[in-house]
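Undergrad: Sequence:
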Amino acid sequence: MDRGNLLLVHGAWHGSWCWELLIPELEARGWTPSALDLPSASGSPAAGVHEDAEAVREALAALDGPVTVLAHSYAGIPVGQAAGSADRLIYLAAHMLEPGEHVAGVLGGPWYEQGAKLLDVPEPARELLFPDVPDELAAWAASRLRPQSARVFEDVVTASAWRTVPTLPIVCEEDAIFPPVFADRLRAGGAVTLPGSHSPFLSRPAALADLISAQG
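All residue numbers for the sequence shown refer to this note's numbering, where the first residue is 3 and numbers rise by one.
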């Protein structure tokens, strides 16, 4: 079965490397997956939501045929900004913002030092991001995390593609880092649940691929 393109967009502090276990599972189920690296996680404090959104637009423009976009965590913001042309969206523990909002505002203000340009990896990364990932794999993943531009949590969005594009929201049942306010937004959108932590693409890639494929 040819399910079409599946564009994978990583969250804050991550990179396209985080999908390495999920990609072969998706290919085995008939998807044509691809992944991009967001500028805001490249170590540049100058890149924010709109630079990331442009990277999403460019990746979408390079794909022929039907496209589903999977956004993880922070990626929900640039995907919401840029992916109005997609056929379907998947919000995996991903932030949903309305036009005029930004993350820090929704959370009641920044949780980091005022004026910070780059944000260090959340600690303890193992417990927050990868608690149910095997030790060796979790250590590898934690070693790949990089500082994140703070701008992404302060930039105001002007679009919400998930309002117009069919969207599958997914909530991870034991997610230790995803803000409850955003989990509630996913549930209000009819979220399905997946066992485990914030990083099912590492802890249970086959189950995640099954869920993605069963829903579309």
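For the record, the hints were derived by calculation from the structure and aren't laboratory data. No experiment lies behind these values; they were computed from the predicted model shown. Keep in mind that a hint or two might mislead.
In silico SDA-like cross-links for lysine to any residue, where the CA-CA straight-line distance does not exceed 20 angstroms [as the list claims (entries may be wrong)]:
| id | residue 1 | residue 2 |
| --- | --- | --- |
| 1 | K119 | S44 |
| 2 | K119 | L62 |
| 3 | K119 | R90 |
| 4 | K119 | V158 |
| 5 | K119 | H104 |
| 6 | K119 | E129 |
| 7 | K119 | D212 |
| 8 | K119 | L147 |
| 9 | K119 | D134 |
| 10 | K119 | E53 |
| 11 | K119 | G6 |
| 12 | K119 | A48 |
Estimated spans, in silico, between C-beta atoms of each pair [claimed, not checked]:
| id | residue 1 | residue 2 | range |
| --- | --- | --- | --- |
| 13 | A30 | P181 | 21 to 27 angstroms |
| 14 | D134 | S87 | 21 to 27 angstroms |
| 15 | E103 | S145 | 20 to 26 angstroms |
| 16 | S145 | W113 | 32 to 38 angstroms |
Beta carbons: idealized from backbone N, C-alpha and C, even for Gly.
Undergrad: If a hint holds in the structure, say so; if it doesn't, say that too.
TA: We went through each hint and held it up to the structure:
no. : hint                            : in the structure
1   : K119 / S44                      : holds (13 angstroms)
2   : K119 / L62                      : violated (28 angstroms)
3   : K119 / R90                      : violated (33 angstroms)
4   : K119 / V158                     : holds (16 angstroms)
5   : K119 / H104                     : holds (16 angstroms)
6   : K119 / E129                     : violated (25 angstroms)
7   : K119 / D212                     : violated (38 angstroms)
8   : K119 / L147                     : holds (17 angstroms)
9   : K119 / D134                     : violated (31 angstroms)
10  : K119 / E53                      : holds (15 angstroms)
11  : K119 / G6                       : violated (38 angstroms)
12  : K119 / A48                      : holds (8 angstroms)
13  : A30 / P181: 21 to 27 angstroms  : violated (33 angstroms)
14  : D134 / S87: 21 to 27 angstroms  : violated (35 angstroms)
15  : E103 / S145: 20 to 26 angstroms : violated (33 angstroms)
16  : S145 / W113: 32 to 38 angstroms : violated (24 angstroms)
Going down the numbered hints, you'll see the structure goes against 2, 3, 6, 7, 9, 11, 13, 14, 15, 16, while the others check out.
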